[in-house]
Amino acid sequence: MLEVTDLRTHFFTFGGARVVKAVDGVSFRLREGETLGLVGESGSGKTTTCMSIVGLLPRAGRVVGGSVLFEGEDLTRKSQRELRRIRGRRIAMILQDPMASLNPLFTIFRQVAEPAFFHQHLRGRTLRERVRHLLESVRIPSPEWRMRDYPHQMSGGMRQRIVGAIALAGGPRLVIADEPTTNLDVTIQAQYLDLLKDIQRETGVALIFVTHNLGIVAKMCDRVAVMYAGKIIEQGPVRALFDDPKHPYTRALLGSVPKLGSKEPLYAIAGQPPNLADLPSGCAFHPRCPEAVPRCATEEPGDVHLAGGRVARCWLVSDGLTRS
Amino acid sequence: MASPVLEVRGLKKHFPVRQRLLGRGATWVKAVDGVDFAIHGGETLGLIGESGCGKTTTSKLILLQEVPTAGSIAFEGRDIADLAGAELMSYRRAVQVVFQDPFSSLSPRMRVRDIIAEPLEIHTPLTRAAIGERVAQVLALVGLEADVAALFPHEFSGGQRQRIAIARALATDTRLIVLDEPVSALDVSVRAQIINQLEHLQRTLGVSYLFIGHDLATVAHISHRIAVMYLGKIVESADSDSLCARPMHPYTQALFAAALPSHPDDPPAERTIAGEVPSALRVPPGCRFHPRCPSAMEVCSRVEPILQPREGGGEVACHLYPQPAPTERSRGA
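Chains as they are written, first to last, in this note's numbering: chain A, 1 to 324; chain B, 1 to 333.
None of these hints come from the bench; they were simulated from the model.
A portion of the hints provided could be inaccurate.
[Stated by the list, open to error] A partial selection of chain A residues facing chain B, derived with a Cβ cut-off under 8 Å: (1) Gly-157; (2) Asp-194; (3) Asn-213; (4) Lys-263; (5) Val-317.
Just so it is clear, CB atoms sit at the ideal spot from N, CA and C, and this is done for glycine as well.
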């Protein structure tokens, strides 16, 4: 249903004198009802990828190549006017900070009703009924009462569920959730993730889950794409990727997360994430890579397609294939 | 066992809200409501809990940023409330802090050298040259080159800044460092560096840590012992291994159930708890956790459980486990 092919989004600053390749050749597919985890550190381009899909890039950003096919239509060629009819109806978003997504001056009713008002032209009692139903589906207790409240009267977890209700209001086929639980407490996070799973089971909506937390990926996702410096360096089914990570960065990332009940020393990745305006030559990960070979510093590896729908971008993987 | 570096007894901090004329009719937020723990030399105590449970207030009390309502904090056997003059200075020298966000905890207008030298200038009679030497020394300890001393914080990444903050905390002869979520603001790939660094420093310098966090896996990894806080009280404490092997308090169990899997095939949590942490203004009667507790009994809403020794070491405050016969003291509190 969603097919992103060779998407390139660059940021132009100083009148185009400086170009930051925030997203540089990203391809992935998403099937109906599937959950894709988009994993990466800050600045790896995961949020920019999502914003490019829905056409909400900041002024300096521009999609300079590639396509985003959503249910057969290329979203990169749509005007903002056409996109507005897709966003909120067929594609919805949940962002990290619910307080920034909600307007503090409007009641919950007004904000949850908005998509149904504009997209489905509901009015009066039907609209009210629809809002009540939406609030129920995200498990807001006594929705009839709470829809008259303002965002500040609710807890963080409840606000994020309201944002979820708004996302569902248009009956979307795809929900993009950008770090939706980063601001929530652990027990509230668990509740929210369970809720999203239940909703997905009921509605069959597809999910893109943007996160830096591999635990969330393990819990929520069917497929996972790992981003580094604007590129997807590895993707595949979540089990295969956790069992047998192909790219050294994926391996390092998995090894650097503490596991409950284990006191083994963590694998620390040397160095810092690179500056996108000044990327290393060759493979962007090579200065930090423990397994780098001379070729990594000079030539950039391409996508290597492996069995089981897996893709990795690493010379070691492609060399291993040619050798065997 | 040697006497603890820091010993906290019956610590309470209540904040007044809606203070009326002459302080009458005020209600109180009981941010910390009777907390006991001890930290030994070279040991890490992990303090874990959700937002609003009082972990940061506890750290502020230890750092003398707040005055306790009741209870005592003893450092190397001396009550810190009694300290004054030179002794107070020596306490402030020995206990340091590293905050969550290294972007706001380092002054953007000071060079790294001056940031690390500041505690030395205040607390030690060292000469300028000796201070310079010490700065280079602690920078080396945290894995930074000596020549970064001339740079400003904005020239560093998040992980490097946190190293600078740790170097500053180590500059004086530090015995205890309060680490308030020191890795939460960092990139995932950098967190492991900092955790390993902290563990290495503890092994080589014998410094103690109070590690405050909300991520169970991280806290369990770095801590020797863990205390779980809920609404201003410790509900369970034990050494890290036995707590992970068998969490006994339903809240601790809920935290484990809410912890994220490290592999997609990990068995899903059986039960995640419903509801949210109640406001500290309206603490439930009896056991504070009973409105959210899946195993709540009738007694839980009436009698507040007290910490009792638990199986495998440590303590737990829960009616599921044997409690002493109810006396007037334990009722309601």
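Against which earlier hints does the structure fall short, listed by number upward?
5
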